[in-house]
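> Chains as they are written, first to last, in my numbering: chain L, 40 to 247; chain G, 40 to 247; chain P, 40 to 247.
Wrong hints could be hidden among the right ones.
Identical copies carry no separate label here, and so any pair may be met within one copy or between two of them.
Straight line, CA to CA, 30 Å or less: simulated DSSO-like cross-link-like pairs of lysine-lysine [stated by the list, open to error]:
# : residue 1 : residue 2
1 : K50       : K172
2 : K139      : K175
3 : K245      : K172
4 : K217      : K245
Keep in mind that the hints were calculated from the coordinates and are not lab data.
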Amino acid sequence: MAISLIPKEEKFFELFEAQARHNVAAAQAFKDLARNWSVESPDFDKLRDIEHEADITTHEIIDKLNRSFITPFDREDIHELASEMDDVVDLIQSVSSRMKLYHVDHSTEDLVALADILWQSTENVLKATIELKNQKSNRRLLDYCIEINRLENAGDQQLGIALSKLFSGKPDPLEVIKWKEIYESIETASVKCEDIANTIEGILVKQG
Amino acid sequence: MAISLIPKEEKFFELFEAQARHNVAAAQAFKDLARNWSVESPDFDKLRDIEHEADITTHEIIDKLNRSFITPFDREDIHELASEMDDVVDLIQSVSSRMKLYHVDHSTEDLVALADILWQSTENVLKATIELKNQKSNRRLLDYCIEINRLENAGDQQLGIALSKLFSGKPDPLEVIKWKEIYESIETASVKCEDIANTIEGILVKQG
Amino acid sequence: MAISLIPKEEKFFELFEAQARHNVAAAQAFKDLARNWSVESPDFDKLRDIEHEADITTHEIIDKLNRSFITPFDREDIHELASEMDDVVDLIQSVSSRMKLYHVDHSTEDLVALADILWQSTENVLKATIELKNQKSNRRLLDYCIEINRLENAGDQQLGIALSKLFSGKPDPLEVIKWKEIYESIETASVKCEDIANTIEGILVKQG
Numbered sequence: 040m041a042i043s044l045i046p047k048e049e050k051f052f053e054l055f056e057a058q059a060r061h062n063v064a065a066a067q068a069f070k071d072l073a074r075n076w077s078v079e080s081p082d083f084d085k086l087r088d089i090e091h092e093a094d095i096t097t098h099e100i101i102d103k104l105n106r107s108f109i110t111p112f113d114r115e116d117i118h119e120l121a122s123e124m125d126d127v128v129d130l131i132q133s134v135s136s137r138m139k140l141y142h143v144d145h146s147t148e149d150l151v152a153l154a155d156i157l158w159q160s161t162e163n164v165l166k167a168t169i170e171l172k173n174q175k176s177n178r179r180l181l182d183y184c185i186e187i188n189r190l191e192n193a194g195d196q197q198l199g200i201a202l203s204k205l206f207s208g209k210p211d212p213l214e215v216i217k218w219k220e221i222y223e224s225i226e227t228a229s230v231k232c233e234d235i236a237n238t239i240e241g242i243l244v245k246q247g
Numbered sequence: 040m041a042i043s044l045i046p047k048e049e050k051f052f053e054l055f056e057a058q059a060r061h062n063v064a065a066a067q068a069f070k071d072l073a074r075n076w077s078v079e080s081p082d083f084d085k086l087r088d089i090e091h092e093a094d095i096t097t098h099e100i101i102d103k104l105n106r107s108f109i110t111p112f113d114r115e116d117i118h119e120l121a122s123e124m125d126d127v128v129d130l131i132q133s134v135s136s137r138m139k140l141y142h143v144d145h146s147t148e149d150l151v152a153l154a155d156i157l158w159q160s161t162e163n164v165l166k167a168t169i170e171l172k173n174q175k176s177n178r179r180l181l182d183y184c185i186e187i188n189r190l191e192n193a194g195d196q197q198l199g200i201a202l203s204k205l206f207s208g209k210p211d212p213l214e215v216i217k218w219k220e221i222y223e224s225i226e227t228a229s230v231k232c233e234d235i236a237n238t239i240e241g242i243l244v245k246q247g
Numbered sequence: 040m041a042i043s044l045i046p047k048e049e050k051f052f053e054l055f056e057a058q059a060r061h062n063v064a065a066a067q068a069f070k071d072l073a074r075n076w077s078v079e080s081p082d083f084d085k086l087r088d089i090e091h092e093a094d095i096t097t098h099e100i101i102d103k104l105n106r107s108f109i110t111p112f113d114r115e116d117i118h119e120l121a122s123e124m125d126d127v128v129d130l131i132q133s134v135s136s137r138m139k140l141y142h143v144d145h146s147t148e149d150l151v152a153l154a155d156i157l158w159q160s161t162e163n164v165l166k167a168t169i170e171l172k173n174q175k176s177n178r179r180l181l182d183y184c185i186e187i188n189r190l191e192n193a194g195d196q197q198l199g200i201a202l203s204k205l206f207s208g209k210p211d212p213l214e215v216i217k218w219k220e221i222y223e224s225i226e227t228a229s230v231k232c233e234d235i236a237n238t239i240e241g242i243l244v245k246q247g
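Here chain L stands alone, though its shape is the one from the complex (with noise of 0.2 Å):
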């Protein structure tokens, strides 16, 4: 067995980074797939593949966790941060799949702005780890954090837009069922990675 030359407490860092890879891929993913929507759509697979990688990222974390007697930042931020991250995937890909479940056969403009908010979001969330692993600048991370607040409350509007709409004249039920839960599914998305920016803020105030 080979000796690592990387400190083991980078690791983590390394991992994080990953994880927020899989997010922006998800994001990006399922925004190709509101833009042009399709039964047939390879992205369907593409997100299940990162669902997967996803889940084998986290788990690497929290056994990494266990393992561990000195970790970069406290237990319960590395653990939250792990399964927030995961979560953001998870809810991506569940969505996508409940779609096909549904029989939905098109997409809508808002589902388009909701996707590109999160997309927006993951992006930042991932600058933003990529910062706290190189621990060079915490006012460029600050600002990361900020806009992903900012961006969770356009996302919050936009679903308030999408519902207000949803819900006018007489729809039919059944469409009110399914829209109502793949919008407010892609907005908690958001609200995920606005969860993540606040263990982030958190760890830097600690690190103070």
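Fit chains G and P to the known structure of chain L by using the hints.
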């Protein structure tokens, strides 16, 4: 910078009391709204303001927690309490905003009953929080916690009545979708009050 | 007061085993109900009783945890395990009570299948809990955890089949609202069993 004469530990209790007051204010505004339903009601703005202030208080607590070496009780319990109290206000404000988005044009006696139970719970949470600060009588504190548990059971019963009515006969599915969510969310806020009571009971037991 | 001859640490294991037995009993009663659906079934009262007893056991565990300085494994893990096990019983009892409130007048083969998978999961959780107490064979314990994970995947597949059927053709939206919640809640109980397995695996890893 002036030197604070209030011991730092007490600050936590003051922040929790402030947060409990936000909970009562939100439950009160929602109760008023449920009694005198109107899309023009000033209670919508009031709820938005309370939610904003509660958010600031939550951040103050978490920030103070992250910066403090010594805390009046377990760190996890402070974190738990802060997040549970924040959830109560969030849930209440979010229901009011959903009712607007869903173009709801009336209230029901079941909503009034649920809102009243929730308001009573928040009143008892406030009393418990003040007692926790004074630390004079654990007996009285436990009585408030027992009352909050009793109220949650009453809320659960009331939700059952409301749902059974909602699903009776041949209801409009759209009304079912809207009111099921409204009733359940208000009851969930009561469950959060019960969580708060459980967290407080845990703190008492640990202090032995 | 008699002096207990059982070391205090063992008491935790006994309480977890008792709780796991409540889980099995609840899953068994629900499986019977799903197979022989009747609003007059004695299983409703049975489920209410089990839920009440499980509640008492949960409080015993939490109370014991709050009073103990030394615990057989990490405090957070004990708390997590207790709350996850309580959730399983709560979810099962709550679904049965919702089915009554929704005036459901029949069962489905998909519900029977989901209930059967859940029952198998609780059986494996019980076996894992007994193994954890005896601490004889970690290999066997891990096998139970792997089986619980396999069952959760089977449950997820089964839920997909049930939902796809439910949304096929032109279904009655009220039936969709009811059955979507029923199916999802039973699958959520299986996910909770998987959470229990993950918590147990974490305990094992930490014990090295």
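> For every hint, state whether the structure bears it out.
Status of each hint after checking the structure:
no. : hint        : result
1   : K50 - K172  : within (10 Å within a copy, 34 Å between copies)
2   : K139 - K175 : neither (44 Å within a copy, 46 Å between copies)
3   : K245 - K172 : both (16 Å within a copy, 26 Å between copies)
4   : K217 - K245 : neither (42 Å within a copy, 43 Å between copies)
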